[in-house]
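Participant: If you count the sequence shown from 1, position 24 lands on 24 in UniProt numbering, and the numbers rise without skipping.
Incorrect hints may have been included.
Unchecked claim - Simulated pairs of lysine-lysine, DSSO-like, Cα-Cα distance not exceeding 27 Å:
id : residue 1 : residue 2
1  : 149       : 45
2  : 46        : 100
3  : 46        : 112
4  : 45        : 100
5  : 61        : 45
6  : 61        : 46
7  : 61        : 112
8  : 149       : 103
9  : 103       : 61
10 : 100       : 149
Hints were generated in silico from the structure; no laboratory data involved.
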Amino acid sequence: AGPPPGGQRGVPAHLHPAGQKDNRPPDRFQLTFPLRTNYMYAKVKKSLPEMYAFSVCMWMKSSASPGMGTPFSYAVPGQANELVLIEWGNNPMEILINDKVAKLPFVINDGKWHHICVTWTTRDGVWEAYQDGTQTGSGENLAPYHPIKPQGVLVLGQEQVR
């Protein structure tokens with residue numbers, strides 16, 4: 001089984017630049033997905049370069065159960081799961097890189113604002129997860145030595161199927 005079709009389930013998902021000190025993000029750059037649908041999402045027009053390391057950070061607020069869906073997905077030709085953050089069913093949030101999976105120890109479905117970050121480097125596939133400024137988990141061997149491919153499609157609030 002996999003995640004249900006569509007984007008967020010009753011989840012306002014808000015993405016913001018890193019470094020925000022407030023516990024509630026400002027209104028600029030705010031995206032809200034009030035329903036799980038297959039048509040409510042944001043597509044980023046700028047393409048990404050090849051990446052050997054990255055940090056993905058965002059403010060999120062959710063009370064969805066089960067699962068909030070896919071706040072972030074990056075697909076390239078031939079690989080829909082090049083880089084994905086997803087939470088489906090009663091499973092914890094996961095990060096997928098080239099179809100390799102790591103479970104992220106976030107607790108975010110409490111209806112409160114949370115700032116989450118995930119960092120990753122291709123060297124040994126080392127990753128770290130942060131929630132509200134505190135490291136909550138780490139691991140290695142997540143798609144080691146696999147660079148994130150360039151010229152893909154970045155979508156906020158929706159999984160991509162190719």
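Participant: Tell me if the straight-line CA distance from residue 103 to residue 61 falls inside 27 Å.
Facilitator: At roughly 19 Å apart (the allowed maximum being 27 Å), residue 61 and residue 103 satisfy the hint.
Participant: Hinted pair, alpha-carbon criterion (27 Å max): residue 149, residue 45. Please report holds or violated.
Facilitator: Satisfied, since the Cα-Cα distance of roughly 16 Å is no more than 27 Å.
Participant: Hint check: residue 61 vs residue 46, CA-CA at most 27 Å. Holds or violated?
Facilitator: With a Cα-Cα distance of about 26 Å, the restraint between residue 61 and residue 46 holds, given a limit of 27 Å.
Participant: Assess, step by step, whether the Cα of residue 61 is no farther than 27 Å from the Cα of residue 112, and give holds or violated.
Facilitator: At roughly 5 Å apart (the allowed maximum being 27 Å), residue 112 and residue 61 satisfy the hint.
Participant: Going straight from one Cα to the other, do residue 61 and residue 45 come out at no more than 27 Å?
Facilitator: Holds, at roughly 25 Å.
Participant: Compare the distance between the alpha carbons of residue 46 and residue 100 with 27 Å, and conclude whether the hinted pair is satisfied.
Facilitator: 25 Å, holds
Participant: Given the proposed pairing of residue 149 with residue 103, does the C-alpha separation stay at or below 27 Å?
Facilitator: Judged against 27 Å, a Cα distance of about 22 Å means the pair holds.
Participant: Please work out if residue 46 and residue 112 have their alpha carbons no farther apart than 27 Å.
Facilitator: 31 Å, violated
Participant: Keeping to a limit of 27 Å between CA atoms, is the pair of residue 45 and residue 100 held or broken?
Facilitator: 26 Å, holds
Participant: Given the hint that residue 100 pairs with residue 149, test it: the Cα-Cα distance must not exceed 27 Å.
Facilitator: Since the Cα atoms of residue 100 and residue 149 sit roughly 15 Å apart, the hinted pair holds (cutoff 27 Å).
In summary, the one numbered hint that this structure violates is 3.
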